[in-house]
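2 protein chains.
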Amino acid sequence: MSSLRVGVIGGGQLARMMTPPAINLGISLNVLAEAEGSSAALATSQVGDYNKLDVVAEFAKTVDVITFDHEHVPLSVLEALEANGVSVQPPSKALAFAQNKLKMRERLGALGLPMPDWAEIHDADSLDSFIEAHGGVAILKTPIGGYDGKGVRVVSSASDAADWLSPEGLAKVGGHLLAEEKVNFTRELAQLSARTPNGDFRAWPLVQTTQQNGVCAEVLAPAPDASEETLERAAEIARGVADGLGVTGVLAVEMFETADGRLLINELAMRPHNSGHFSIEGSVTSQFEQHLRAVLDLPLGSTQATDAHAVMVNLLGVDDSNDFLPHYEAAMSAHPEAKIHTYGKGARAGRKMGHVTVVAGNAEWALAEARATAKILRGE
Amino acid sequence: MSSLRVGVIGGGQLARMMTPPAINLGISLNVLAEAEGSSAALATSQVGDYNKLDVVAEFAKTVDVITFDHEHVPLSVLEALEANGVSVQPPSKALAFAQNKLKMRERLGALGLPMPDWAEIHDADSLDSFIEAHGGVAILKTPIGGYDGKGVRVVSSASDAADWLSPEGLAKVGGHLLAEEKVNFTRELAQLSARTPNGDFRAWPLVQTTQQNGVCAEVLAPAPDASEETLERAAEIARGVADGLGVTGVLAVEMFETADGRLLINELAMRPHNSGHFSIEGSVTSQFEQHLRAVLDLPLGSTQATDAHAVMVNLLGVDDSNDFLPHYEAAMSAHPEAKIHTYGKGARAGRKMGHVTVVAGNAEWALAEARATAKILRGE
Chain A
90 MSSLRVGVIG GGQLARMMTP PAINLGISLN VLAEAEGSSA ALATSQVGDY NKLDVVAEFA
150 KTVDVITFDH EHVPLSVLEA LEANGVSVQP PSKALAFAQN KLKMRERLGA LGLPMPDWAE
210 IHDADSLDSF IEAHGGVAIL KTPIGGYDGK GVRVVSSASD AADWLSPEGL AKVGGHLLAE
270 EKVNFTRELA QLSARTPNGD FRAWPLVQTT QQNGVCAEVL APAPDASEET LERAAEIARG
330 VADGLGVTGV LAVEMFETAD GRLLINELAM RPHNSGHFSI EGSVTSQFEQ HLRAVLDLPL
390 GSTQATDAHA VMVNLLGVDD SNDFLPHYEA AMSAHPEAKI HTYGKGARAG RKMGHVTVVA
450 GNAEWALAEA RATAKILRGE
Chain F
90 MSSLRVGVIG GGQLARMMTP PAINLGISLN VLAEAEGSSA ALATSQVGDY NKLDVVAEFA
150 KTVDVITFDH EHVPLSVLEA LEANGVSVQP PSKALAFAQN KLKMRERLGA LGLPMPDWAE
210 IHDADSLDSF IEAHGGVAIL KTPIGGYDGK GVRVVSSASD AADWLSPEGL AKVGGHLLAE
270 EKVNFTRELA QLSARTPNGD FRAWPLVQTT QQNGVCAEVL APAPDASEET LERAAEIARG
330 VADGLGVTGV LAVEMFETAD GRLLINELAM RPHNSGHFSI EGSVTSQFEQ HLRAVLDLPL
390 GSTQATDAHA VMVNLLGVDD SNDFLPHYEA AMSAHPEAKI HTYGKGARAG RKMGHVTVVA
450 GNAEWALAEA RATAKILRGE
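Chain order of the listed sequences is A and F.
Read in order, the letters of the first sequence correspond to residues 90 to 469 in my numbering.
Read in order, the letters of the second sequence correspond to residues 90 to 469 in my numbering.
Here chain A stands alone, though its shape is the one from the complex (with noise of 0.2 Å):
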């Protein structure tokens, strides 16, 4: 192996990240992204649908492996490479599983893995009965094609939902929608971890993230208060998802935490994740150089902690048009141990365009730290 090349499909924020760590290891890092002046812009060698066979299969020419900034290459174009003997991480047959959230939770019912009660609904008498069972309501949720809280809705009748239900709109999504228990959860947690081809397997500490509109605002690394079975039972749902899906590379297992100790998975995100970006200085090693080590079944690094706490906090685009580098110099200024990064991506309100780390000792002081930093650089 006296080239290392890692093909990324999609290229946002994501796989902006990966670039530094292809850099250090002297990975050649190639980004086929949906348009010009994208998030990694940095290491696009290529411009392209990936909905388009042609398309990515000239792009897999260029590189040893391919792998994903986001879950949306549809799986024929992705069997077909397979077919053709290309390196996919991760596969076709685990990506499955998070193109649709109803296989997804019914892999992991077989598998006997802690979730959720749910059911597949294909009407409003289904919904109903759903609903009446777990307490007048229910989390709906289009199987395919939701992320960031979109595609989820909290419903408490049939009525709510009656544009899903639709004969349009079960269309657009297969047929089905996934009904879920409200879960009256404590806290949200999330498991990250990462595999290889080989099955190496190797965990980061357990975090506690926080959610605003349905979007990742804050993560606490390691989760506190987390207790030593909390710890152990949720690196092996981790690696339960990761075997028995078929999983390689970075996962995020993103779960809810009840008032009597149970963890039940919530989502699966089958990449590096924002649950993950405080590994970028509070891990020894990254999950994006983790990511990549894992897709080139290279040996993982460790997922020590290089301290006692980290916190990340998301920069969100505040309006339409907001910049967060007019206000770095006052953001240094006061925070000269807050680690920024902003994506390079245009401003919308509530966007995901950056993140604040701090690394620290003290868990108080680093979670102060990142959201006053966070807060200069929103222009409060």
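The list cannot tell twin chains apart, which means a pair is met if one copy fits it or any two copies do.
The calculated SDA-like cross-link candidates involving lysine to any residue, where the alpha carbons are at most 20 Å apart (straight line), are:
no. : residue 1 : residue 2
1   : 261       : 160
2   : 434       : 92
3   : 434       : 117
4   : 182       : 329
5   : 192       : 211
6   : 434       : 94
7   : 271       : 353
Calculated from the structure, these hints are not laboratory results.
Put chain F on the given structure of chain A with help from the hints.
Just chain F now, with coordinates in the frame of chain A:
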């Protein structure tokens, strides 16, 4: 400031290692490289001859500030840029001292900073007198153009340097040579620091360096068993040099420590330096991020250590064709904590092709781990 655009002249590994922090901070990094396929190829926006004013002036139009991967750009080119209002950091008046070791010695002397005895040499007689006055030996240097042990010779008689002292030899180096006392040092140290045009200054912990054949081989951060007084003195010397010579960006001051505890300035580098590579993982702010912040006149980041110890071992070319990548699997498997960096350069025996850093609470373990990783990567 809604754009942060840094132009780097020179496409070597230093420009390459500026790329990751530029990506993190959303800084647009443009590199003017000597040739296609350089170490910093990913950020290269232009290939051209940095000796030509029109090439460099054209490049300067695309950025907010010009800085350097090396110190070889002619002063006349930089002065012309400055006269046209281009921000050049470090400025030509500082680089003049980096480009001419005689000017540097004169200036350090005027500032009262500690250094070996030295003399300007024009002929065999003046060299023999200097040698006689300094125990029968001297270090003879060409004042311009030397690096990594090149342009340096240990002489015990002017006849050892007959080629350099010939009219043709002297003409090549500007008519003079520099003779320096051969210091009977106990070890070599390096003090890394950064200064902004605005005068903001921060120093990293003092490090110990080990050279092999005039090339940096290992760096221990912090320098073992350095007294509080030594640490303070080293930082004061760095500040004296930075302020006194008007340096902006990262400055490395290489020093000798003598048996009686004196620190004597050996060499200066006005750019990120091999002795500071440990800071990528070993410091809250790496020398590469700090250099970008400094040349943009942004507030400097914290130089606090991320753990008690960091050890860096260089990966030098074993022969003219070796490659480290085939040994990644073995090295990563045995040393999951090691941070491996390779520069994408063709092999040449003794050439700096990469480095390994290990950060840890235990200095002996970090050194053993870094050395063992480098050994595997060298194929030993």
